[in-house]
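Colleague: Chains as they are written, first to last, in this note's numbering: chain A, 1 to 338; chain B, 1 to 338; chain C, 1 to 338.
Don't take each hint at face value.
For identical chains, the list gives no copy identity; a pair is met inside one copy or between any two copies.
Mimicking EDC-like on lysine to aspartate or glutamate, the simulated pairs with C-alpha atoms at most 20 Å apart in a straight line are [to be verified]: (1) Lys309 x Glu324; (2) Lys44 x Asp171; (3) Lys275 x Asp338; (4) Lys334 x Glu324.
For the record, the hints were derived by calculation from the structure and aren't laboratory data.
These figures come from a predicted structure and were not determined experimentally.
Listed here are the chains, written in short residue letters.
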Amino acid sequence: MITIEQLITRIEQRQPIINKADIDAEQLHQEFDSVGSLTTATHKQLSFLADPNYISSLASSQAGAVLITAEYFDQVPQTAVALVVANPYLAYAGASQLFARESLFNGIHPSAVISESAVIGEQVNIGAFCVIGDNVHIGAHSSIDAHVVVEANTAIGHNCVIKSHVVIGHDSVIGNHVRIHANASIGSEGFGFAPTRDPSTMGWERIAQLGRVVIGDHVRIGSQTCIDRGAIDDTIVGSYVVIDNLVQVGHNVRIGDGTAIAAKTGIAGSVIIGKRCIIGGDVGITGHIEIVDDVILSGMTMVTKSIKKSGSYSSGTVAMPTAEWRRAAVRFRKLGRD
Amino acid sequence: MITIEQLITRIEQRQPIINKADIDAEQLHQEFDSVGSLTTATHKQLSFLADPNYISSLASSQAGAVLITAEYFDQVPQTAVALVVANPYLAYAGASQLFARESLFNGIHPSAVISESAVIGEQVNIGAFCVIGDNVHIGAHSSIDAHVVVEANTAIGHNCVIKSHVVIGHDSVIGNHVRIHANASIGSEGFGFAPTRDPSTMGWERIAQLGRVVIGDHVRIGSQTCIDRGAIDDTIVGSYVVIDNLVQVGHNVRIGDGTAIAAKTGIAGSVIIGKRCIIGGDVGITGHIEIVDDVILSGMTMVTKSIKKSGSYSSGTVAMPTAEWRRAAVRFRKLGRD
Amino acid sequence: MITIEQLITRIEQRQPIINKADIDAEQLHQEFDSVGSLTTATHKQLSFLADPNYISSLASSQAGAVLITAEYFDQVPQTAVALVVANPYLAYAGASQLFARESLFNGIHPSAVISESAVIGEQVNIGAFCVIGDNVHIGAHSSIDAHVVVEANTAIGHNCVIKSHVVIGHDSVIGNHVRIHANASIGSEGFGFAPTRDPSTMGWERIAQLGRVVIGDHVRIGSQTCIDRGAIDDTIVGSYVVIDNLVQVGHNVRIGDGTAIAAKTGIAGSVIIGKRCIIGGDVGITGHIEIVDDVILSGMTMVTKSIKKSGSYSSGTVAMPTAEWRRAAVRFRKLGRD
Numbered sequence: 001m002i003t004i005e006q007l008i009t010r011i012e013q014r015q016p017i018i019n020k021a022d023i024d025a026e027q028l029h030q031e032f033d034s035v036g037s038l039t040t041a042t043h044k045q046l047s048f049l050a051d052p053n054y055i056s057s058l059a060s061s062q063a064g065a066v067l068i069t070a071e072y073f074d075q076v077p078q079t080a081v082a083l084v085v086a087n088p089y090l091a092y093a094g095a096s097q098l099f100a101r102e103s104l105f106n107g108i109h110p111s112a113v114i115s116e117s118a119v120i121g122e123q124v125n126i127g128a129f130c131v132i133g134d135n136v137h138i139g140a141h142s143s144i145d146a147h148v149v150v151e152a153n154t155a156i157g158h159n160c161v162i163k164s165h166v167v168i169g170h171d172s173v174i175g176n177h178v179r180i181h182a183n184a185s186i187g188s189e190g191f192g193f194a195p196t197r198d199p200s201t202m203g204w205e206r207i208a209q210l211g212r213v214v215i216g217d218h219v220r221i222g223s224q225t226c227i228d229r230g231a232i233d234d235t236i237v238g239s240y241v242v243i244d245n246l247v248q249v250g251h252n253v254r255i256g257d258g259t260a261i262a263a264k265t266g267i268a269g270s271v272i273i274g275k276r277c278i279i280g281g282d283v284g285i286t287g288h289i290e291i292v293d294d295v296i297l298s299g300m301t302m303v304t305k306s307i308k309k310s311g312s313y314s315s316g317t318v319a320m321p322t323a324e325w326r327r328a329a330v331r332f333r334k335l336g337r338d
Numbered sequence: 001m002i003t004i005e006q007l008i009t010r011i012e013q014r015q016p017i018i019n020k021a022d023i024d025a026e027q028l029h030q031e032f033d034s035v036g037s038l039t040t041a042t043h044k045q046l047s048f049l050a051d052p053n054y055i056s057s058l059a060s061s062q063a064g065a066v067l068i069t070a071e072y073f074d075q076v077p078q079t080a081v082a083l084v085v086a087n088p089y090l091a092y093a094g095a096s097q098l099f100a101r102e103s104l105f106n107g108i109h110p111s112a113v114i115s116e117s118a119v120i121g122e123q124v125n126i127g128a129f130c131v132i133g134d135n136v137h138i139g140a141h142s143s144i145d146a147h148v149v150v151e152a153n154t155a156i157g158h159n160c161v162i163k164s165h166v167v168i169g170h171d172s173v174i175g176n177h178v179r180i181h182a183n184a185s186i187g188s189e190g191f192g193f194a195p196t197r198d199p200s201t202m203g204w205e206r207i208a209q210l211g212r213v214v215i216g217d218h219v220r221i222g223s224q225t226c227i228d229r230g231a232i233d234d235t236i237v238g239s240y241v242v243i244d245n246l247v248q249v250g251h252n253v254r255i256g257d258g259t260a261i262a263a264k265t266g267i268a269g270s271v272i273i274g275k276r277c278i279i280g281g282d283v284g285i286t287g288h289i290e291i292v293d294d295v296i297l298s299g300m301t302m303v304t305k306s307i308k309k310s311g312s313y314s315s316g317t318v319a320m321p322t323a324e325w326r327r328a329a330v331r332f333r334k335l336g337r338d
Numbered sequence: 001m002i003t004i005e006q007l008i009t010r011i012e013q014r015q016p017i018i019n020k021a022d023i024d025a026e027q028l029h030q031e032f033d034s035v036g037s038l039t040t041a042t043h044k045q046l047s048f049l050a051d052p053n054y055i056s057s058l059a060s061s062q063a064g065a066v067l068i069t070a071e072y073f074d075q076v077p078q079t080a081v082a083l084v085v086a087n088p089y090l091a092y093a094g095a096s097q098l099f100a101r102e103s104l105f106n107g108i109h110p111s112a113v114i115s116e117s118a119v120i121g122e123q124v125n126i127g128a129f130c131v132i133g134d135n136v137h138i139g140a141h142s143s144i145d146a147h148v149v150v151e152a153n154t155a156i157g158h159n160c161v162i163k164s165h166v167v168i169g170h171d172s173v174i175g176n177h178v179r180i181h182a183n184a185s186i187g188s189e190g191f192g193f194a195p196t197r198d199p200s201t202m203g204w205e206r207i208a209q210l211g212r213v214v215i216g217d218h219v220r221i222g223s224q225t226c227i228d229r230g231a232i233d234d235t236i237v238g239s240y241v242v243i244d245n246l247v248q249v250g251h252n253v254r255i256g257d258g259t260a261i262a263a264k265t266g267i268a269g270s271v272i273i274g275k276r277c278i279i280g281g282d283v284g285i286t287g288h289i290e291i292v293d294d295v296i297l298s299g300m301t302m303v304t305k306s307i308k309k310s311g312s313y314s315s316g317t318v319a320m321p322t323a324e325w326r327r328a329a330v331r332f333r334k335l336g337r338d
């Protein structure tokens, strides 16, 4: 259970509670077990009003506390504690973390296979059947769920959360406060081959990938996402980068700080992406190009050339009735023949 | 080995065997070890004629039994037992299940780590190195292969098949007769962040995802597919939904009963999809939109707005020689500038 | 550490070292621990000049040895051993393999669960928590990392490398010198259903997938890639095929020798792909079509019909400023209505 006092402490890491002086001792100790939307929250749940379109749900809300701007403060029902902030959605984000279940186990499960040369920090959790290789370092307060494989010489920072079935290849560097979700593959071998006409290899001689993956602080990596190790130099993910599920990050890619990447996007080898970019779902970025800072790519955009100017870019065509689409697609083909 | 008698029992769960009275006792006990196409099947294999285009293969087929409509009954070779049904393909589907190898282990492997508070039904199989968390319920006759992680408080129904390396997050609800294939991630944390201008977070404050994943009965989920837990409310997959490999289902998505989703499709957060939709491979559906019942989306369609009318929709352009494509793509760009 | 002598032996498996006679005994025993680009390599690293655009970096390179064509031999610095070959990039590819870390463990980890009926060849490595099923065969010198599940009756050839968390379904056939990366799913059940109007199944009766996956020699399969087992016949991947991460290969697909497939490509069921094709990232290929030998598909191409002539094909539209794109997309829609 989380008290109003704990909520306030967490929220004030980012912004002040404007009406803190008005919250009395009894309210400070009121307890909450979860969050809810204005329409569904109970008196044991915290809610918030971030979007004024939902203002009509406020008066009848059963929530025990509501995060809200000063503008709507007087519409909060008597049954709820109002917590007034400049940015209720941001306050909710911080508060939500207090209610999350963080690790599968406490302590180090006896079934884990941990190399004697591994260095494990204080209050680290390591779940069942983990395999921690030689010379691995894991920083304090990090939680490794079940079945995680960390190959030799990899360093994981402090306060990280690595969910079950993640594989982290050898010699990787993972920063602090990094979260990696189930089944992600970090530091697999990149896709590199030298073409050859030798019929005994049918055209492909493997290039062993000898670079590393280096990930900054406060990075989030989704389930089933692949970040390949570099060929010679490293694959680099900056700090505060957030990556969704099923994303492919090829070898030698560099991603700037604060960039967000939605699910199913593919970034081919040696691409350089700037800071604070927002990349929609299922975007494809061809190899060896550069995208500057502050670029927005809408979902399914195909990027075949460097983008040198910040701004919003798109491509593709949108859903239409199939019979009409057939005609349009035929006409597109003709555009190439005229 | 499966007998004709067993085949008949299984097939008649869906439709009658029209010529059952004509099958004699000796034929009823004839045994089969597998299935085959008309051209390759042996006398120990079951085959079928579903598509009249293959009628020419029937006369010379070596199959030991053939599922067939009444129309072609008299063309079945003497060496084969004919099983006459209205829908041979559907009959074959049911029959095929008798030949499938279902679970890796029988019983509960001693290496599995199972919480004392977990409730395991009768005749459940749990394979090597599984991790079953606190208060997990697993219904009777379910089979969990190796290395499956089921986090705390999750309920799995009866007669489910969960293949190796699946991770199911805490508090999930999985119905009965559900099949989940290798390496799928159910109930990972959704991709939710509150934007902030605070330079210490470079723009992203994590929103802990406190909803669940709730999956109905008779659902099929493919390998590497991700179904994220809801942010506040739940992510909901209806009954009889079939989902292929490498599909992304974002947080708070709701999918109606009987919808089929082919590989590599991505469904962004809070999308609502109706019943009996057929969604082709690699379709992209943008967040917060709604698709009504009985919509068909062809492969690679980009859906950016709600679809309010049932029917078939498509987008994109189709493969053409690269030189011609370059000209057409340039002309498309110009369409936006004129 | 790798000596020049060892490098020469490896490189000469593919092409002669033209200046071998000029390399003295002291140089032959010079040792290297890694590779580097011309600009970053140290005297303990091997480098190469494959692309004449980088010639300006050669004179000042600190590399201990350089792979180079005869044309630029006289520009190699005195501090580096020059190794003259016709194709430096191919030589580098072979040399790089000497520096790679290949297996997580040596020997067979005591925690692995290996069926008594499994046949394990000489000098096979099997890592922690692997599960090796009944009648599995693993050829000599193969390395299986941690947490790999190999179901019953599967045969894996010699000199294979299977990384952690791979699942290989029952009855699969994997050739020699095959490399499969972390979290791949080989031989999961294909996506096959018979439509039915029976409301109790909402339209889908599962077809059990009774075919196998058969993979040739020298094949490379990336992380998170899915290769489904065949429905009746087998899914077949030829020799020297290289497949990147997050690729979907549907049931009954056949891929010809030497074909390369980049990340995130999806190949629907029963597609036949020829030899030596090069398939870019995120390509989509619809089911039941055929692509002949020597076809090149650029990234994100949508292939909806058979390709009967070798050559290069493309589709899609490319990134443009979003405001312009909106107009172009609207005009594309109108093309279908006129």
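Colleague: Could you run down the list of hints and mark each one as holding or not?
Modeller: Results for each hint:
no., hint, result
1, Lys309 x Glu324, "between (35 Å within a copy, 15 Å between copies)"
2, Lys44 x Asp171, "between (46 Å within a copy, 18 Å between copies)"
3, Lys275 x Asp338, "neither (41 Å within a copy, 32 Å between copies)"
4, Lys334 x Glu324, "both (16 Å within a copy, 9 Å between copies)"
The earlier numbered hint that this structure contradicts is number 3, and it is the only one.
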